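There are 2 protein chains.
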Amino acid sequence: MKKISIFDTTLRDGTQGVGINFTLNDKIEIAHALDEAGIDYIEGGFPLASRREADFFKITAKEKFKNAKITAFGSTRKPGRKATEDENLLALINAESPSVVIVGKAWIQHITKVIKTTTLENMKMIEDSIKLLVREGREVIFDLEHFFDGYKEHPKQSLEILELATSAGASSLVLCDTNGGTLPNEVTKIISELPKERLAQIGVHFHNDTGCAVANSILSVEAGASHVQGTINGWGERCGNANLCTIIPNLAIKLDYDLTMSNKMNKLTHLSRYIADKANIIPEKNQPYVGTAAFGHKAGQHADVIVKAPHLMEHISGDKVGNERQILLSELAGKSTIIEKMNKFGDYTKESKEVIALFNTLKEKEGEGFEYESAEASFELLMLKALGRYRPLFELNNYHLETYKTWGVDSKTVGRIFLKSEGKEYMGAGVGVGPVGTLDAAIRDALTVYHPFLDEMTLSDYKVRVLNPENATKAKVRVFISSTDGEIDWETVGVSENIIEASWQALVDSMEFYYNTRKTK
Amino acid sequence: MKKISIFDTTLRDGTQGVGINFTLNDKIEIAHALDEAGIDYIEGGFPLASRREADFFKITAKEKFKNAKITAFGSTRKPGRKATEDENLLALINAESPSVVIVGKAWIQHITKVIKTTTLENMKMIEDSIKLLVREGREVIFDLEHFFDGYKEHPKQSLEILELATSAGASSLVLCDTNGGTLPNEVTKIISELPKERLAQIGVHFHNDTGCAVANSILSVEAGASHVQGTINGWGERCGNANLCTIIPNLAIKLDYDLTMSNKMNKLTHLSRYIADKANIIPEKNQPYVGTAAFGHKAGQHADVIVKAPHLMEHISGDKVGNERQILLSELAGKSTIIEKMNKFGDYTKESKEVIALFNTLKEKEGEGFEYESAEASFELLMLKALGRYRPLFELNNYHLETYKTWGVDSKTVGRIFLKSEGKEYMGAGVGVGPVGTLDAAIRDALTVYHPFLDEMTLSDYKVRVLNPENATKAKVRVFISSTDGEIDWETVGVSENIIEASWQALVDSMEFYYNTRKTK
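Protein sequence lines, in the order shown, are assigned to chains A and B. Numbering (the UniProt record's numbering) for the first sequence: 1 to 521. Numbering (the UniProt record's numbering) for the second sequence: 1 to 521.
Rather than coming from a laboratory, the hints here were simulated on the basis of the structure. A couple of the hints might just be wrong.
What the hints assert, rightly or not - 20 Å max Cα-Cα, derived SDA-like pairs, lysine to any residue:
(1) LYS308/B to LYS196/A
(2) LYS363/A to LYS412/A
(3) LYS285/A to THR23/B
(4) LYS58/B to THR23/B
(5) LYS308/A to ILE115/B
(6) LYS476/A to THR23/B
Given the structure is predicted, the values throughout are model-derived calculations rather than measurements.
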């Protein structure tokens, strides 16, 4: 089957979704995760928009990517301006990414009513811009904004644009359904009509305003497209972009197309959840393929059919995409995972008392709101406890934090801590702008002399999520802390009604994980 | 265009979704809401399953429905049993609903491996069951379980089942994609091949495991089906059922089919949200047509196009489905958005000093990490300040919080606050499990006697995000707080290196927004 290029725009169009924000550091980490997973193109942002957007390209230009081409986004030159003097095209050139996307107008009404120019000048804008970027050695992907709406009104004009962009040197012509209103049969008809033999590779970019973005993408490939744009988890403005986490397995597993990701499909679920954690978004449980409920079955009469002949109850096996079958109200799923994780310490079975103990602890903790999918280090500590292999770093006697604020000045927090470590008592004091930094400083003040390894680690991220928001200030909060020693990263979790207590749990876990594992490594 | 029947299974298949539960009373109220909206069939439940399920039919049998037929769900008789003695068919007869759905096997492997009978006995089960119910005067809708998987394996057998059910008297033959794995082109091909002139009306029932349930439903209608099953908001097991809130406007508005709902489309958004409230589920913001973000636009350069020529930016107008356009604020927010928001207070232009002042404040705040897209109430306060219409609720002298923890006990926070309001000084004290609850309690302690409106509002959600996590405990955090008075909800934001300071800002904004706007309303 033909090769299909997958183009991810989570970092650009995805951030148009409500509540989707990434720091520069998030963006770089996400780009590497997408690359590892086998995505072909990663649209990193709009370098003209801000310093942070431009910095992404500066930094990634010096880094290695195995599969993906980092791609900068911009638009054709403005009307009545030379391409070589257009600040947006210059920003694209300065971005130094191996490929670039430029968006151009492909609906006459937008040309005449929105940017208020002529169709002739629009053609020149497209031609000049593509040619300039090709001369600069870039692979140019040309996004035809509002293509489907434009084609329905004036197919001849749309064809002329496609032919012009092809002859100017674009590598791909991406048909965009910018308003998201195009329905499946229209997509099939329009793409089937195009004289594809005379044109550069056809790509597609759908929005989900009629709930058909995934279907439209698949139908486009079956009608001749070979480049598909979308976002992880379908994030994007209004109703979202086409969801790559659904399109990719539809193409690779169900329709057998050749994708760079084809032999890495079991990383898909992790990719979806990892990027959701970076965005601090709880992923939709019912998302196809990668959602936690996607392979859920109510326990009961069909349970034995699922075990003996799963193809009768599931359209694919969840492990193909790195997901798991979930038998609701059943213990089967949990224990086998625990045994798998315990394997490095010896042979355990479902009847081992360590497995049962850890299983019960996990059930209890998960009932309280702990979640270990993004906090493996906290899980590891629970496992070490169940195995009798855990060594505490310290015991707390007490801590005391004070936060002051006076009019017009930001709050400050000071704190002191009393703790016992390896039989001795220590006191530490700290001052910081917030309670977590103050606690971190006070623990280090008390212990670093005796445990110099603390100097090797730092906190690298901190996230908070309310769990039962009906009653917010008394609701439980879940805190995730990421830590690093420069080589490895680890994540820990804490849950409490009190944000300081939840942070404290995750903070102590982060130190204890390092204390326990760096010596046994 | 042909008439399409809409069959809602929210109350039966929808409740297979994780977390979807209704009381008997909820079910009856929802049935009436569906009827008002113009749904043709309402599947109310499985009368054999429980007393509550059976009671639904007892009660609704005595009530009036203008448009909808209440429909009871069951299955064909068991193998080797007489239809007249099958408890499930008897329960359907006792339900006294004008129409009934019975599900039968339509995939040979399920016949031989799951219910372990012969294809011949399966045919008799179908025939006997339909005939009995027809004799009892019911309209019989026949659901063919796993139809698409069965057809792909053995089309001739599938056709025989369709013909048999037609001659036995079924009014509709519903092709079910029970495992949800069928893709759009397969659906079009299979339905196009069926000898529809010899068969009863064709219906379809899709699950969303490949993200194509909506598209498959639409394509089925275009290929000849005229009865569509689905659920409100797409609820259902695994990845959900086909979402009627998307299918209905696709058919009625975009493709112009004749639906009972056609002239009531502006009730759709209300219907979606009303049923979500009954289920105590927060509806997905990005749901096509009815989601709060479905007609959202980022403010900026396109704002004037949206006003002058909305068809260029929106595939339909949101008010057709009872939804609204939403102009979101973002980093790119331009002066035209500010002017639009200020319009309710008077005539302002890009040159007005109030517009320039607010524009500059926004740029500065956004540079510090504030984001107003999800915090319109904080934006509104900035606007009132720029307009000279802001009245402060209080001035802070100082606050002082203390947090203690001793070994084995969770942290507790106590605090006191000194503030001035309308010229007088007040002191308040609070105790809570965390700093935000404590500050909230202390402000209320100081002010509620003089500002009893504080009793009308509560915090309803709280979210925290670190902005530059390279250096986590000293990084900035952004806090969003949602508040409610039971009727309206509003969101506020705070940003600081200190989580307590950021929470404080959002908390004070939430109270000041209510103080300033509830009196001017």
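Hint check:
no., hint, in the structure
1, LYS308/B to LYS196/A, "36 Å, violated"
2, LYS363/A to LYS412/A, "38 Å, violated"
3, LYS285/A to THR23/B, "23 Å, violated"
4, LYS58/B to THR23/B, "15 Å, holds"
5, LYS308/A to ILE115/B, "14 Å, holds"
6, LYS476/A to THR23/B, "27 Å, violated"
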